[in-house]
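Trainee: Read off the chains here:
Number of protein chains: 2
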Amino acid sequence: RYLPFCKLPGRVMGIRLLRFTSVVIIVLLLVAGALTALLPNIKDDKMPNLRREPKPQSQSASDSFTLIMQTYNRTDLLLKLLNHYQAIPQLHKVIVVWNNIGEKIPEEMWNSLGPHPVPVVFKVQTVNRMRNRLQNFPELETKAVLMMDDDTLISAHDLAFAFSVWQQFPEQIVGFVPRKHISTPSGVYSYGSFELQNPGFGNGDQYSMVLIGAAFFHSGYLEDFQRQPEAVYALIDETQNCDDIAMNFLVAKHTGKPSGVFVKPVDIRNLEKDTNSGYSGMWHRAEHLLQRSYCVNKLVNIYDGMPLKYSNIMISQFGFPNYANHKNKM
Amino acid sequence: RYLPFCKLPGRVMGIRLLRFTSVVIIVLLLVAGALTALLPNIKDDKMPNLRREPKPQSQSASDSFTLIMQTYNRTDLLLKLLNHYQAIPQLHKVIVVWNNIGEKIPEEMWNSLGPHPVPVVFKVQTVNRMRNRLQNFPELETKAVLMMDDDTLISAHDLAFAFSVWQQFPEQIVGFVPRKHISTPSGVYSYGSFELQNPGFGNGDQYSMVLIGAAFFHSGYLEDFQRQPEAVYALIDETQNCDDIAMNFLVAKHTGKPSGVFVKPVDIRNLEKDTNSGYSGMWHRAEHLLQRSYCVNKLVNIYDGMPLKYSNIMISQFGFPNYANHKNKM
Numbered sequence: 031r032y033l034p035f036c037k038l039p040g041r042v043m044g045i046r047l048l049r050f051t052s053v054v055i056i057v058l059l060l061v062a063g064a065l066t067a068l069l070p071n072i073k074d075d076k077m078p079n080l081r082r083e084p085k086p087q088s089q090s091a092s093d094s095f096t097l098i099m100q101t102y103n104r105t106d107l108l109l110k111l112l113n114h115y116q117a118i119p120q121l122h123k124v125i126v127v128w129n130n131i132g133e134k135i136p137e138e139m140w141n142s143l144g145p146h147p148v149p150v151v152f153k154v155q156t157v158n159r160m161r162n163r164l165q166n167f168p169e170l171e172t173k174a175v176l177m178m179d180d181d182t183l184i185s186a187h188d189l190a191f192a193f194s195v196w197q198q199f200p201e202q203i204v205g206f207v208p209r210k211h212i213s214t215p216s217g218v219y220s221y222g223s224f225e226l227q228n229p230g231f232g233n234g235d236q237y238s239m240v241l242i243g244a245a246f247f248h249s250g251y252l253e254d255f256q257r258q259p260e261a262v263y264a265l266i267d268e269t270q271n272c273d274d275i276a277m278n279f280l281v282a283k284h285t286g287k288p289s290g291v292f293v294k295p296v297d298i299r300n301l302e303k304d305t306n307s308g309y310s311g312m313w314h315r316a317e318h319l320l321q322r323s324y325c326v327n328k329l330v331n332i333y334d335g336m337p338l339k340y341s342n343i344m345i346s347q348f349g350f351p352n353y354a355n356h357k358n359k360m
Numbered sequence: 031r032y033l034p035f036c037k038l039p040g041r042v043m044g045i046r047l048l049r050f051t052s053v054v055i056i057v058l059l060l061v062a063g064a065l066t067a068l069l070p071n072i073k074d075d076k077m078p079n080l081r082r083e084p085k086p087q088s089q090s091a092s093d094s095f096t097l098i099m100q101t102y103n104r105t106d107l108l109l110k111l112l113n114h115y116q117a118i119p120q121l122h123k124v125i126v127v128w129n130n131i132g133e134k135i136p137e138e139m140w141n142s143l144g145p146h147p148v149p150v151v152f153k154v155q156t157v158n159r160m161r162n163r164l165q166n167f168p169e170l171e172t173k174a175v176l177m178m179d180d181d182t183l184i185s186a187h188d189l190a191f192a193f194s195v196w197q198q199f200p201e202q203i204v205g206f207v208p209r210k211h212i213s214t215p216s217g218v219y220s221y222g223s224f225e226l227q228n229p230g231f232g233n234g235d236q237y238s239m240v241l242i243g244a245a246f247f248h249s250g251y252l253e254d255f256q257r258q259p260e261a262v263y264a265l266i267d268e269t270q271n272c273d274d275i276a277m278n279f280l281v282a283k284h285t286g287k288p289s290g291v292f293v294k295p296v297d298i299r300n301l302e303k304d305t306n307s308g309y310s311g312m313w314h315r316a317e318h319l320l321q322r323s324y325c326v327n328k329l330v331n332i333y334d335g336m337p338l339k340y341s342n343i344m345i346s347q348f349g350f351p352n353y354a355n356h357k358n359k360m
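Same order as they appear, the protein sequences are chains Y and W.
For the first sequence, the working numbering gives the first residue as 31, with consecutive numbering after it.
For the second sequence, the working numbering gives the first residue as 31, with consecutive numbering after it.
Worth double-checking, as some hints may not be accurate.
Which copy? The list can't say, so a pair holds if one copy fits it or any two copies do.
What the hints assert, rightly or not - With a Cα cut of at most 25 Å, we get these calculated DSS-like pairs of lysine-lysine:
{"#": "1", "residue 1": "K357", "residue 2": "K287"}
{"#": "2", "residue 1": "K339", "residue 2": "K357"}
{"#": "3", "residue 1": "K153", "residue 2": "K173"}
{"#": "4", "residue 1": "K357", "residue 2": "K303"}
{"#": "5", "residue 1": "K287", "residue 2": "K328"}
{"#": "6", "residue 1": "K134", "residue 2": "K153"}
{"#": "7", "residue 1": "K287", "residue 2": "K173"}
Source of the hints: derived by calculation from the structure; they are not laboratory data.
Can you build the whole structure from these sequences, using the hints too?
Mentor: Laid out in structure tokens, this is it:
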């Protein structure tokens, strides 16, 4: 039947209105849904967190460094330190050398607590060896390596400054822990620190090594390390010690200069005491220092000479933390 | 007559004995005389002084430095400082740039108080100019120059250390007084020290100049200085200031690096107050700092750009004076 418009206003209008209203409501819901998706997520820490896709590596390989941290039986410290180190400016990537043989890496937990500022790679090891950290990891893309012990906390300021110093001395180990060897009349060498007699070149003390457990060095040296005499690996494996002394020998031989440049840290802390594992580092072993003297002498045999050279250069950051730390009463 | 031996014992024996005794006595006297000539001369200061001929220069030109000290109206300070500086190890020679126009050099007095450890040359000037000290003196034989103001006393330890640092950075001015320039939004530069705002490259402060009034630098730069645009000499003469800023521009342009390396002095003193002359240095003039900002801007015009670069490297001597000045509570 013909239903003229004027006769069916109520019913026709009703249906059209219904359709119109439905459309409007649906459109509004869609808009609302879109807006919700764009809203910031409010987290417990009250910081606005704009959720975004993890970006590809934005730091260029020449202006950033890779942190290599070996860990054994101190996962609580490792995770505490990773929270700090993952945020250091100019960090490209973290490589965790997992010496906890047979134990699962905390990757699931790590990922569940993401996102993280940089990629962290857990390298599972098959044998618990000190020299595992000195492999030439394929994941390493930067020229610079920062090697840290898993119980050492050093401030971001110190690391940023030391990295800038390394960029001026890229051939050398630039770090925070200086040590030295001394020669004795018998020709036997001894290893130690400030407590040992000065080598006797003028005033003051000298150092001839910078330990790699808190230092920057060129990634090329990891490559070089793979080409050392077998006896070096045997020595490190026998002592589970001295990999750092071996690296200093390698660098000194390569450069003909002092192997390291010492940067005086403003804030460096050893967190050993804070671990729940009850495990304390290798350096507490009674024979630790004697072993290191032993290593120096063995390495001199292996390399047929003493390549280490002395330095007395101590570098600090001008005007930091104290803006006039260089003022003198003139 | 034949005098048998047995018959003349008394007289013959007598003559032979006399001859023999005479010979013995003469020999003894000669020996005694020789011994006397070899004995040390005891002087009033109770130190044995083995008088010897002044030796020719025993320091090689590459392992020693020449002190250049310009002096005006402070001869009492000059002589006090010379007594100290003439004894610095590795010093080859002293060149005193005598800006006391028309006044006799104290050469007679100097010689009468000899011997001196090294030669001291007094270079008489005809005009009292700040830049007189930047001539390429023919007496200069060493690669290294130590330039000191005539009112600055710095310890031998500091100088020995800074010289060893210069040998590691021979292209740069290695010294004890850091300064900086800053850029302002208008493009006009300002000169100053720690009191000026940091240039803003990360934490802490930066320096872009090391003043030559207490520094080591390569003698080649004195040669280079003779080949600068006339406008540079005009500027220094007009202000009687800024020769050191000009040198920093020269070195920065030449190396493309920061012009200086700052070594933190342990003991540096200004002896200005101690002079009898009542003369106090140019830096007390009211316009001194403003002049130096003026010079920075003029030099940027002359050299068509700002070559100065910033550094925040501060070098100290490891383990001196405090044998554990690098210890950290770990």
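Trainee: If a hint holds in the structure, say so; if it doesn't, say that too.
Mentor: We went through each hint and held it up to the structure:
Within a single copy, K357 and K287 get their C-alpha atoms only as close as 31 Å, which misses the 25 Å cut-off; across copies the closest is 24 Å, which meets it. In this assembly of identical chains, K339 and K357 lie within 25 Å of each other by CA distance solely across copies; the values are 21 Å between and 32 Å within a copy. Within a single copy, K153 and K173 get their C-alpha atoms as close as 20 Å, which meets the 25 Å cut-off; across copies the closest is 53 Å, which misses it. With identical chains, the CA atoms of K357 and K303 are at most 25 Å apart between copies only, with a shortest distance of 19 Å across copies and 37 Å within one.
For a Cα distance limit of 25 Å, the shortest separation of K287 from K328 inside one copy, 21 Å, qualifies, whereas the shortest one across copies, 41 Å, does not. Taking identical chains as interchangeable, the C-alpha atoms of K134 and K153 lie at most 25 Å apart only when both belong to the same chain, with a minimum of 11 Å there against 79 Å between chains. Proximity of K287 and K173 under a CA criterion of 25 Å is satisfied in both settings, with 20 Å inside one chain copy and 22 Å between copies.
Every hint, counting from the list given before, is met by this structure.
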